[in-house]
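Just so you know, the protein sequences line up as chains A and B, in that order.
Residue 1 is where the first sequence starts when you use this note's numbering, and the numbers rise one by one after that.
Residue 381 is where the second sequence starts when you use this note's numbering, and the numbers rise one by one after that.
Just so you know, not all the hints are guaranteed correct.
[Stated by the list, open to error] Cβ-to-Cβ under 8 Å is the rule here; a few derived chain B residues that face chain A:
(1) H397
(2) L399
(3) S400
(4) A403
(5) E480
(6) R584
(7) L735
[Stated by the list, open to error] Pulled from the structure, derived: some chain B residues nowhere near chain A, Cβ distances all over 10 Å:
(8) A539
(9) D552
(10) E573
(11) Q595
(12) D730
(13) D737
Hints in this document: simulated from the structure, not taken from any laboratory.
Even for Gly, the Cβ is constructed at its ideal location relative to N, Cα and C.
Each chain is listed here by its residues.
There are 2 protein chains.
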Amino acid sequence: MHEARGLKPPPAAVVGHSLSALATPALLIELDAFEANLARMAELAEKASVALRPHAKAHKSVAIAERQVAAGAVGICCQKLSEAYPFVAAGIGSIHLSNEFIGPDKAAMAAELAAHTRLSVCVDDVRQVQEIGAAAARAGVRIVVLPEVDVGQGRCGVASADELLALVEAIDGQKALRFGGLQGYHGGVQHIEAWAQRREAAQRAAEATAGYVRQLEARGLRCPVVTGGGTGTAEFDLASGVYTEIQPGSYLFLDGHYGAIEWQGALQPLHALFVAATVMSAARPGVAVCDVGLKSVAVDSGLPHVWPRDAEGALNYAAANDEHGVLEVSEVESTTLLGEKLWLVPGHCDPTVNLHDAYVCVRGERIEAVWAIEARGLSR
Amino acid sequence: MHEARGLKPPPAAVVGHSLSALATPALLIELDAFEANLARMAELAEKASVALRPHAKAHKSVAIAERQVAAGAVGICCQKLSEAYPFVAAGIGSIHLSNEFIGPDKAAMAAELAAHTRLSVCVDDVRQVQEIGAAAARAGVRIVVLPEVDVGQGRCGVASADELLALVEAIDGQKALRFGGLQGYHGGVQHIEAWAQRREAAQRAAEATAGYVRQLEARGLRCPVVTGGGTGTAEFDLASGVYTEIQPGSYLFLDGHYGAIEWQGALQPLHALFVAATVMSAARPGVAVCDVGLKSVAVDSGLPHVWPRDAEGALNYAAANDEHGVLEVSEVESTTLLGEKLWLVPGHCDPTVNLHDAYVCVRGERIEAVWAIEARGLSR
């Protein structure tokens, strides 16, 4: 036996190689579709004169954030403080933390980040404001604070003008904090299947947000930023006249879940994210087993599907085990599939991305780039 | 703004600190329970004179594999070739790859591993045998091959004596390969809730395995190793007289799924794996939102539950979003929970572990160790 210290598995992909040399499982970006999605959202936001601040929780990659900023984004959103670190380290100059946090360790992280980037954060409780204010003052930094209002999701955010005003007052009472406006986000609306129904629900959420804006204005408080929205409602949010900024993330990738809802307007995202798999066992008639299971694709929003979909549904991803994906096979003899490579569309992009360390970016048959997923696993 | 290059988030935990200083989300091992689980399985295997080869796919950590070997394990199982690399690099001298693979890149990885450890692998198709044989011959290494037989799961493995004999012949035809025995594993049986019913199903699977062993023996072929079994059937597999080795993994941790099945015998694993969470928003009556969502806990086998369970069910983890866990609150005012730390029992340990980079190991109120999860994300 030879000394093995330092032994490491080979890389998934080498830039310049052909797709046929790809090791699986691998997380793929199909660059033509990705670039079309990237450009389209930037164009729609510019046309609407609404700031685009894409959500980096979807991609967790500096290379992608840089492309979003280059295409016109004013900065990015992050959902966790630790998630923001690689983006701040890479020089992203404006980050909105679109989520609440509590605890002196978290407030200290916010203050550290704010020394290096223009940071805004969300709150829905006066105790959060006090902690963040104290940490920012101690660090000698300024943090912009946007109270979150609950516009129908029933998760985070205050649900009355009185609570909102108490937050604004608390922010005003902290020298190191500045009131920056409001966040109103309704995650549930994003996934409504029928386009018209989704538009109505988005309008109701926007109107709820606008109601809070008006209540503040009636008291002489202007909201420099009103932020919210996601991929499913982006078009409606851009047209609402309520939001000054939108936060879509999944538009880059179009996962299976978003792919299954109706798109009727100017926004028609394309599938751009795939998990490449190999059939590694096909010992039974009617069954093929691939190497992509729960550790390579998230199944919380449904199982992945084989791409491109063939009309006969000859290959159906039917069950995910830890390291196995069980495919039902019709039309062909399963044994002929051994060694075949497949592209799977993940049901849900965010948690799927969070399972991988890199994107293998392909154009046609060529591996054009490998992008690190620096914020993978950074959930604090 | 200051230069931020190299900026990194603070560590989750510092050895020697108190639990109260823990940053969340964090993956916790409660060491007293973990050590009891570790010792108990080793003791039962020793008593039964069956080799224990625990499955490292459950923990993916060198520190844990070393403790298993120190407690008497003959080596470990891995489920993917890349997963085996950190264990081989750390000097684990015997690894069984309990899964099929195909493709010249994969065969080359097997050959590379076999230069540094005693490697056995599974096959269920002659084409796999040929590829592995060619790669091993090229590399000048020896690989032990165990055909997998399907003992009722209907996933991988051959389902007839004829197919099995064809595999054994193919192995014999490769100079660099050696026939090592059989693998018969039935994942579905592991989770049968009723103990007596699980025992019967395990006996049926063992009997199916034994049938293949007898068919080989009738042809003068001895199986040096007969491997299979998991945590749910370990006791029955040890008593079966069929298996020479067992492969349990989850016994170290007892996730929510295994915690919900009936344990009547000498094996009574304890919950030892938790995801620590903090309530970061509690703006609505009856609802508290914690910082552990889909990116910190796997939900494929059910949502996590709050630990310890209180009789009144005052806190019920009701929904997982990407970065949020929504808790239903009864008995107490939700707002009093803001900032509270909770321990969650994950529904399924394997994919939950695969979301984290380290275990924070606690004993009582003290953080005693931090163990890296070196094979996290290694799914090739």
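Kindly indicate which numbered hints from before are broken by the structure, ordering the numbers from low to high. Violated: hints 1, 2, 3, 6, 8, 12 and 13.
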